[in-house]
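For reference, the chains in residue letters:
Protein chains: 6
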Amino acid sequence: MSHENENAALQALKPGERFSGCYLLKTAQSGTSTAGKPYLSLRLADLSGELPGKVWDYGGPVGAEQAGQIVWVSGRVERYQNAHQAVLDAIRPADADDGCDPARIVPTAPRDPERMLAYVEGVLDKLGDLDYRAVCLTVLDRNREAFAALPGAKTMHHSFLHGLLMHTANMIQQAEALARIYPEVIDRSLLIAGAFLHDIGKLAEFDTTPLGLVSEYSREGQLLGHIFLGAEMVGAVARELCIPEEKRLLLQHMIAAHHERPEYGTIVRPRCAEAELLANIDMIDSRMEIFRETYAQTEPGQFSRQRVYAQNNDFLYRPGGKD
Amino acid sequence: MSHENENAALQALKPGERFSGCYLLKTAQSGTSTAGKPYLSLRLADLSGELPGKVWDYGGPVGAEQAGQIVWVSGRVERYQNAHQAVLDAIRPADADDGCDPARIVPTAPRDPERMLAYVEGVLDKLGDLDYRAVCLTVLDRNREAFAALPGAKTMHHSFLHGLLMHTANMIQQAEALARIYPEVIDRSLLIAGAFLHDIGKLAEFDTTPLGLVSEYSREGQLLGHIFLGAEMVGAVARELCIPEEKRLLLQHMIAAHHERPEYGTIVRPRCAEAELLANIDMIDSRMEIFRETYAQTEPGQFSRQRVYAQNNDFLYRPGGKD
Amino acid sequence: MSHENENAALQALKPGERFSGCYLLKTAQSGTSTAGKPYLSLRLADLSGELPGKVWDYGGPVGAEQAGQIVWVSGRVERYQNAHQAVLDAIRPADADDGCDPARIVPTAPRDPERMLAYVEGVLDKLGDLDYRAVCLTVLDRNREAFAALPGAKTMHHSFLHGLLMHTANMIQQAEALARIYPEVIDRSLLIAGAFLHDIGKLAEFDTTPLGLVSEYSREGQLLGHIFLGAEMVGAVARELCIPEEKRLLLQHMIAAHHERPEYGTIVRPRCAEAELLANIDMIDSRMEIFRETYAQTEPGQFSRQRVYAQNNDFLYRPGGKD
Amino acid sequence: MSHENENAALQALKPGERFSGCYLLKTAQSGTSTAGKPYLSLRLADLSGELPGKVWDYGGPVGAEQAGQIVWVSGRVERYQNAHQAVLDAIRPADADDGCDPARIVPTAPRDPERMLAYVEGVLDKLGDLDYRAVCLTVLDRNREAFAALPGAKTMHHSFLHGLLMHTANMIQQAEALARIYPEVIDRSLLIAGAFLHDIGKLAEFDTTPLGLVSEYSREGQLLGHIFLGAEMVGAVARELCIPEEKRLLLQHMIAAHHERPEYGTIVRPRCAEAELLANIDMIDSRMEIFRETYAQTEPGQFSRQRVYAQNNDFLYRPGGKD
Amino acid sequence: MSHENENAALQALKPGERFSGCYLLKTAQSGTSTAGKPYLSLRLADLSGELPGKVWDYGGPVGAEQAGQIVWVSGRVERYQNAHQAVLDAIRPADADDGCDPARIVPTAPRDPERMLAYVEGVLDKLGDLDYRAVCLTVLDRNREAFAALPGAKTMHHSFLHGLLMHTANMIQQAEALARIYPEVIDRSLLIAGAFLHDIGKLAEFDTTPLGLVSEYSREGQLLGHIFLGAEMVGAVARELCIPEEKRLLLQHMIAAHHERPEYGTIVRPRCAEAELLANIDMIDSRMEIFRETYAQTEPGQFSRQRVYAQNNDFLYRPGGKD
Amino acid sequence: MSHENENAALQALKPGERFSGCYLLKTAQSGTSTAGKPYLSLRLADLSGELPGKVWDYGGPVGAEQAGQIVWVSGRVERYQNAHQAVLDAIRPADADDGCDPARIVPTAPRDPERMLAYVEGVLDKLGDLDYRAVCLTVLDRNREAFAALPGAKTMHHSFLHGLLMHTANMIQQAEALARIYPEVIDRSLLIAGAFLHDIGKLAEFDTTPLGLVSEYSREGQLLGHIFLGAEMVGAVARELCIPEEKRLLLQHMIAAHHERPEYGTIVRPRCAEAELLANIDMIDSRMEIFRETYAQTEPGQFSRQRVYAQNNDFLYRPGGKD
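Chains as they are written, first to last, in my numbering: chain A, 52 to 374; chain B, 52 to 374; chain C, 52 to 374; chain D, 52 to 374; chain E, 52 to 374; chain F, 52 to 374.
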């Protein structure tokens, strides 16, 4: 085995090459060969794509139950029926000594999660309104790990590890800037609290894979939706902390109204300036992220190769052409 | 004062007639005449309509703060600037001895509220599913009086005393009948529980007048809406009673989905058969009540004199013509 | 040939097994082998699915014209190019002696058609309004067989034999129950007559296969639609029977308005209480059938595996989980 | 009485002037003066507008039942409460000797109805397809007078005497011209027959005043609508004349589809080229008439003074300014 | 005349009081009294409202042509028919010596226009991209005075003097802040140029009163709209300055896309990140201004007294209640 | 090589047949065989369809850069993996001597382009209004060749060579006919000028293949759209020719409004009669062409085999059945 091929990108491997390292076990299924021998049929995955594979003469312990986890494998690439296939000679659950880097395997936010979390916490910690501050810090304390890890969505945009955190941090940055521009109508504390809490119901809306990506909407996610779940949760925390009723209602309203329009699933339409602005801030960050992800695959001066569903199903243009 | 005119309908009084009895004090405003004397300018109301009036040389105690309450008055009707006006010689807050009948003064459900309440309670008491039964009875216990008295709406339909109760009782009747027709897909207990609970958030959505009519949407009614408020309240009761999570979610889903379509304000769309059926039952009772209220003012074989906003803004036809 | 495999479900057959019995000849095409011999290439179908097949050295009489009919076959299952294929040694049109049960072959209503028809006829026969009764019974007399046999739709829901009858019978059950709850506004006879007649235009809207399933929309079905066709037919019958004009118009209106909204293809919006209620009853039965068909393939406590197009394109939840 | 004021325009009369002549009696109501004398309170109307009036000391025979008819009056104009009022000394139903010209009193098409009717009949008489010709001529024969007289609508456009005829004649002119441009796809006979028949159901959709204007939608007009009524009537005539089924269906389809979109009330969408073109021709004539009526009250180079509801509720521009 | 009543607010004047000062002559109409004397009937206006008035025995020179201009008047307030009326003894066009303050008379932006203009110009002057800078500064140079004075709209929001400037300055502030947050996708120069230019077509879209308020949409405003007019104008300037084609197209696209959705009148939907963000910034500033104007008439802790058409026609809540 | 197979339709060729002639080189890709020899893998196309092919042992000069051009080839058809494939022995760019007929290879208008162009020019040359005439002829002069050649669209309808010309010529024919029917409201010159100019922006909206078909929307086509581009171009020409401002605005308005509704991309809605009529004429020609293209593949008396996306996604009926 050549050292160059340790943790090689799956899509870069060529027939005949050996490789080893940490990969996501996407699916696995045991079978029996015509010769009566057990084998494992599987799919490996990393950020570059997927690769089907076989482990001949193998009866376990790795099997279907390990799907969604990281494994350490070693083997060779072959051509089989016009496609590539891995033939593995070893497979086992990865352990700490393997030094696996999840960011090589599953999509991850392009910014450092610890710095983003520190920023968010720093802003909340200095919120001028102590009631809003108390609610935010309580919610953060109780959900710190999940909040920092969760993707922002199953597909569309921010569907990578720490996506929710990145989306939230960006929105708080916007909130700080815009509250300065509209001081006559905007209560900075309320706006920032809303930005922090608006998607908190997503913690209950998703089921996740062992690696933290969204696998499916949860039962309560489908039956009630993250907007309701978030507003209910924040209402409960606010009551527990005995903050004044108007402030509790405003926090719940910020969450309940943040999708702005009934056809986008809002519970109510924004009735105060902070709720209206929050809905716009949310829209801005969603759209800017869509452009970021699209531009990453588009040359300057060109249109995107695909229509972008979440941006009006249009081809998008990346400025920067030569003329 | 002739006895015939005790509690006479205001619209039936003619100039020159005296009258006395209990009426709603719709508005009242103190003033000072050009001669420097205090007077009270007011509007009386009963089911037949309104009548402006004056109490000359009157400094109190009845004034603007009594608006919305029932008063006992005595006076005479005059013609003033092409319209009728009452000139009162006595006015005071009504008391128990006056034997005022609110049903003469404010719109009231056309069915006996006690019988309707007994019916609802009877059905809930025999619900087969003990978890759903516990939630329903707890909610009823804690809100019996308000639930029995509240109108169903500010305008549109069921906007009379006991309107919410009548709407709920009708829906439970429907639920019982339809659960028998679709036993393969409908859990009768869940459907009936949903019918009872679906509008329970209206208890918090409205501000009411002293006589119990809806005066305005409340602050939480406007910021969160009765669908959210009801689903949140039922969620809290269900948690308190420790019923299984799936049942709690289903009850909350029934409420959250009962307006069916985003453009009608639903939080989520119906995902189970009972939620879908509940939304239809709600629609049916609303529409049948609109027809009942419209037909009350339409001859058989004729179209309604006005377009009916809540029924597609159409003229409605009351069958029963002679040909 | 083992007796177990007489009329075996096609999807359950394994390579090497022999089978015989009645199946739908889905398609058939004659060909000539490289050796110059005639053969028949075909697809068999039953409720379990389809199976391609060959009859070697066969020149007829069964051929493309028999597609859509039931045949009796005998043969063996082989594996060919990674799939199953039947190789038949006998094929002929099924006859009475074969005792073929269509319910094994094409989808059929889950209730006994004769009992449903008897129920419908019984209700119509006792309709209080003799004019409405006369129209209904005349329409039934002239279309009994087709009415009892036709599916309710080409796809979506009720797309099985006797589907129209089942849909109609359910709606009449609803009509009976709801007319009792809203006697102030609902004329029971008119509502039930509307429930019986509302989809009668479907008799002209569909072309059917020899086995009675909907193959395609007919020319008049596409150019005028079942709502128009039904209202026109009922108008003609009512004129022929000389019922009063208002009743004729009301019957036609019930049909013309039963899709409620222009975007659902209604001709007019419901203008009387019975028409409004009929539209809701129709919606309820459609939705309950969608849930019935979906739940049949969904475990309790689970969401449907597919989005359900006719129910908002959502995943549907079947209550009954363990928690 | 000066001769200049015989049949004077009501809006041009000034206080103090006498007048006489034929006018529409818009409304009339008998009353009794404080002195106990009978009088008639009424409103006269002609094309220029309306004028309220009184006939003092008058007990009949003209009264409320004559509303909608033409009367001959004589009297004087006075100023009363800042407005004009007629005080009549004579009123009686107009008779033939009065030589009343309805075109001075009610709005009338700007073209000669006899010439328009002759044009329509001439085109139908020469239709190449004898089946379509037979249906059209039969329908015309049976409805000649009403067809020639009816307005095209209650409000919006063509709401004057002979409006339906003018609209139809214009559409037939368009049909002749456009059939020449698209001979590959358009059957001229079918298109012209559709143009003639498309609004024929309006004969049953309206109730009219004694002078022939639309007073209200009729019962069948509201319960079924002119599109259904027309397609049903033409279907009956076509069956009576035994024309081939396809041609009957096409004629009915032309009518059923001529509003093009569900939101405009179409029964089906156009499925053949003639139906599609007919819907466009109808739209064109409606819009051109709206502009004609609007331009009549707008100077060249100016926008209309009012928003025009039927043209997107916009201000319309009449070209022809000086720059 | 008391000095207190110099330039008094019109709504604050009481019957019997004298007043003098500068006011807007809203309308004026000459007449002749029954005594044959000329008089002027007029309406004065200032920010507090309007007041009808008369100048008896007055033949000019002030008349209908001065409507929309500022006049100096002196007179007295009387009560006439239950309302206030001014009876003037002097009226003449205001001149420089009167020291009239337009901000007392017509609505004016709440910020200093000179500082706002200096800010805008300062930012444009330092734009990093010299092509975009050249276009912006050229447009500003050619339209400085009108750009600084024009309201932002006829009604809705920013409908006061300097409204367009205030709207533009706010948007540039936003653009500066948000460009810092999304540097991966946003070209700061393009975004700021777009913010400056996006509504520049309004200079041609409105007709204005002598005092600078919007009186009406202009002919080209109605026939082409400010979006088209702006994009066309900027295209012409860019061609004149020979900036690269891509940059010209991007500037035009920013303007053409800034209403985002077809139903809001956009010419195209945003295809690049800067255009998308610009549309959101525009929405934010519009909405924040609506809240600012609404809150100015709403107490903390209360809902607005009126529905606010431009914010979903809802009642809006101003946070800050006592609980 | 048989002479019958010179320029044979690709879909008609059978395995074993030789052929030669001119074809479109749809795509081409060079490769190296396992034996190390260069080859060209390509797709040929003509109106009948496409055919994949190989040129063995071929190193050029024809390659990927010639894609989209016409080549002359000679070779043989083989069967390869259940499909047809050409094996060519010669390939070279076609030259004038080959006498290639593009109409055999790419879709072309069914009418003679020279006659259509002569018709259009003839009408414009005789336009009564000299200002409109000047603008039209100037635009035609500067774009004659491209205008005559361009397809009308990328897909949908008129997507063949000379499609824009055919669409424009048809619309001018309509304009001439309809201007005669509505002389009170239609300025014939303005309507015809609008018909000629309405899609002129398409000259800039498309990128084309070497053979003149639309390959893609251009950058300015996507960023600004043909409606804007056309109105801007015509505005520039009109300014250059110094025609009166109102006429310039009307011409620009005709273009800007010709898609009628915001959801169809119109810039403004039609405000004058000519603009309204133009939008309808455009719709008619689009729809008639859709029917023409659909009927070409549908038997009389039948529905189209496919749903037609551009006509409401319906199946369309071609009249002419036997009954």
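Don't take each hint at face value.
No copy is singled out in the list; a pair is fine if it fits within one copy or between any two copies.
[As the list claims (entries may be wrong)] When the alpha-carbon atoms are kept at most 25 angstroms apart in a straight line, the in silico PhoX-like pairs for lysine-lysine are as follows:
id, residue 1, residue 2
1, Lys65, Lys88
2, Lys88, Lys298
3, Lys373, Lys298
4, Lys177, Lys373
5, Lys105, Lys77
6, Lys65, Lys298
Derived from the structure by calculation, the hints contain no laboratory data. In this text the structure is predicted, and so the values were computed from the model without any measurement.
Hint check results:
Proximity of lysine 65 and lysine 88 under a CA criterion of 25 angstroms is satisfied inter-copy only: 22 angstroms between copies versus 28 angstroms inside one chain copy. Within a single copy, lysine 88 and lysine 298 get their C-alpha atoms no closer than 67 angstroms, and across copies no closer than 47 angstroms, so neither meets the 25 angstroms cut-off. In the homo-oligomer, the alpha carbons of lysine 373 and lysine 298 lie at most 25 angstroms apart only across protomers (10 angstroms), although the nearest pairing inside one protomer, at 53 angstroms, exceeds that limit. Taking the shortest Cα distances, lysine 177 and lysine 373 sit within 25 angstroms of each other only across copies (23 angstroms), while inside one copy they are farther apart (47 angstroms).
For a Cα distance limit of 25 angstroms, the shortest separation of lysine 105 from lysine 77 inside one copy, 13 angstroms, qualifies, whereas the shortest one across copies, 39 angstroms, does not. In this homomeric assembly, lysine 65 and lysine 298 never come within 25 angstroms of each other (Cα to Cα): the closest approach is 61 angstroms inside a single copy and 43 angstroms across copies.
Taken one by one, the earlier hints fail for this structure at numbers 2, 6, listed in ascending order.
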